[in-house]
Amino acid sequence: MDKIKLNIDGKEVEADKGMNVLEAARQAGIEIPSLCYLRHINEIGSCRVCLVEVEIKGTKTLQASCVYPATEGLVVYTSSPRVRRVRRTMVELLLSDHHRECTTCIRNLNCELQNIADNLGIRNIKFTGEMKSLPVQNKNSFIVRDYNKCIKCRRCEAICSKVQEVNVYSAINRAYDTSLPPPSCRICPRWPA
Amino acid sequence: MACITCGQCAIACPTASITEKECIDSVWEALEDPDKYVVVQTAPSIQVTLGEVFGYPVGTVVTGKLVAALRRLGFDRVFATDFTADLTVIEEAHELLERLDGRGKLPLLSSCSPGWVKFAEHFYSEFLDNLSTCKSPHEMFGALTKTYFAEKEGIDPKRIVVVAIMPCTAKKYEASRPEMGTEDFKDVDWVLTTRELARMIRQAGINFNQLPDEDYDVPMGISSGAGSIFGSTGGVIEAAVRTAYFLTTGKEMDLLDYEELRGFSGLKEAWVELKGRPIKVAIAHGTGNARVLMDRLRAGEQFDYVEIMACPGGCVGGGGQPIFGGREHKEISLDYRHNRADALARIDYSKELRRAHENPSVKKIYEEFLGHPLGDISKNLLHTYYTPRGKLPGFNYGGTKGSHAGHVKENIPPQDNQYVPKDGKVDEQKLQ
Chain G
1 MDKIKLNIDG KEVEADKGMN VLEAARQAGI EIPSLCYLRH INEIGSCRVC
51 LVEVEIKGTK TLQASCVYPA TEGLVVYTSS PRVRRVRRTM VELLLSDHHR
101 ECTTCIRNLN CELQNIADNL GIRNIKFTGE MKSLPVQNKN SFIVRDYNKC
151 IKCRRCEAIC SKVQEVNVYS AINRAYDTSL PPPSCRICPR WPA
Chain B
1 MACITCGQCA IACPTASITE KECIDSVWEA LEDPDKYVVV QTAPSIQVTL
51 GEVFGYPVGT VVTGKLVAAL RRLGFDRVFA TDFTADLTVI EEAHELLERL
101 DGRGKLPLLS SCSPGWVKFA EHFYSEFLDN LSTCKSPHEM FGALTKTYFA
151 EKEGIDPKRI VVVAIMPCTA KKYEASRPEM GTEDFKDVDW VLTTRELARM
201 IRQAGINFNQ LPDEDYDVPM GISSGAGSIF GSTGGVIEAA VRTAYFLTTG
251 KEMDLLDYEE LRGFSGLKEA WVELKGRPIK VAIAHGTGNA RVLMDRLRAG
301 EQFDYVEIMA CPGGCVGGGG QPIFGGREHK EISLDYRHNR ADALARIDYS
351 KELRRAHENP SVKKIYEEFL GHPLGDISKN LLHTYYTPRG KLPGFNYGGT
401 KGSHAGHVKE NIPPQDNQYV PKDGKVDEQK LQ
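Chains G and B, in that order, give the protein sequences. Residue 1 is where the first sequence starts when you use our numbering, and the numbers rise one by one after that. Residue 1 is where the second sequence starts when you use our numbering, and the numbers rise one by one after that.
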């Protein structure tokens, strides 16, 4: 495996060729928070929580580290003031239309979104927008789907289509209206959604 | 496409958008009802994963504490699904030998994983005759609890509630299948996932870490090492081959551990000597790998015995196993699942009983109740049939009975018209 050298937070770091910046940083012991990323399964950069600053020819741009390839001589800042500020905004945006009923939630204290919000110290959310109220789909005997808590990371879709190769989930609509899968979907013949 | 109910999406979901359907309240209700006799069974993999929720490192065996916790919760009897896994081994080993004799289709496909069964019903319905007609161990357990155990203990089966602690959301679906039971009772009443059990233990305020180690109840809590390894990929075949070898040669196998059968590559093949001829076995886990294997079968490749588990890693990676909102999302990684599987292998090594047919409780149940493997009673109680369903949800092409060797003897409930096609045949054209 070819090795490359890059600079993350002022530290010279060695990484394998073909790795993304997120993996390279984690391999070097530098933690970048991530949400939608699942190694080799879901690498789509949809949640933008893993944003870092990448410096090319003196210009710094914000990039999602999970989909940005690590290249020789790359300079990366994972925790600059700008990164921290923007990252916090990204999570606030995710939380702005998320049904935040944490104390009564089945995943309370075991939720990745909650965990990240806690780590970033989010105490209030600037954004007050539309809040979805979709019906909870619980009429089958095994899985409950509550799309009001969906953050569109598409990990369910990725694992279903890439690992299990069953392809139950697929996204419909765009932007704010994106849903996985359509609410009218019937998950099983005997147990309508 | 149609859902196979494996629950991997619930494991992958970072929030509570996709979760298992909880039935904790119904179980509490049954426990609180003085008229009900609540019997609980725990799947082999629960003993190596439940500890994670209470802070133990991955791969810690907490069998004793698990049993103690269930007693504290108020279950009347605490049994192990490992016991009926042993029984499944015996039934399936006999089925394999029967099919090797030319009665029934080869390859024999295992049927322990309900996610895989539903996958086959949807996407590979032409192979339904190849599926072993054995019910999965937890359904066998339910059927026997409400017949053999009820009779032995003199309890009215209607009073018995069977609760299954499973690593699996597909087991919840399986338990709700109409063919899993008789007119009088459902084999298994409630299925709880590992996560739900952990929540119940917390709700009851039980300090899991301080619990003493206790043993399963007899008779249906005695199990061999063969039953334990059901919980990881490769285990079913390994267990069945151990027993089939004994049945054909009358000798125990020298080499007890088929290393080549275990481990975590997605697709494995091996040759095993049985009945004086080499038989080709294959193992796949994760339905993505199953698809590769099934497409090879479709293309005409010959195998004799195939084990498929719907979840990557087998039950240790099941959709009902503990989830941690941690950084790497470890439960999804195969390394993590491997550690859990290693713990199951350690249980197997540590047991004096390593082969299913040595299990004294299993011997006894054949003497007292079932007669012999693949006998009439076991065909009625322990075997089932499958339904071709088509690739898209919402279709049902009618029931199919295992047409080989006549294992399932008309045990389709008469009222269940939905599953019995009018002319008694499956319309082949519709299946295309």
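Hints are supplied without guarantee of correctness; some may be wrong.
To be verified - Simulated pairs of lysine-lysine, DSS-like, Cα-Cα distance not exceeding 25 Å: (1) G:K139 with B:K364; (2) B:K251 with B:K36; (3) G:K17 with G:K152; (4) B:K364 with B:K251; (5) B:K251 with G:K139; (6) B:K275 with G:K162; (7) B:K105 with G:K139; (8) G:K132 with B:K186; (9) G:K152 with B:K21; (10) B:K105 with B:K330; (11) G:K162 with B:K391; (12) B:K21 with G:K17; (13) B:K105 with G:K152.
No lab work stands behind these hints, which were simulated from the structure alone.
Hint check:
no., hint, verdict
1, G:K139 with B:K364, "violated, 42 Å"
2, B:K251 with B:K36, "violated, 45 Å"
3, G:K17 with G:K152, "violated, 30 Å"
4, B:K364 with B:K251, "holds, 21 Å"
5, B:K251 with G:K139, "violated, 51 Å"
6, B:K275 with G:K162, "violated, 39 Å"
7, B:K105 with G:K139, "violated, 37 Å"
8, G:K132 with B:K186, "violated, 39 Å"
9, G:K152 with B:K21, "holds, 21 Å"
10, B:K105 with B:K330, "violated, 40 Å"
11, G:K162 with B:K391, "holds, 17 Å"
12, B:K21 with G:K17, "violated, 43 Å"
13, B:K105 with G:K152, "violated, 45 Å"
When the structure is compared with the earlier hints, violations turn up for hints 1, 2, 3, 5, 6, 7, 8, 10, 12, 13 and for no others.
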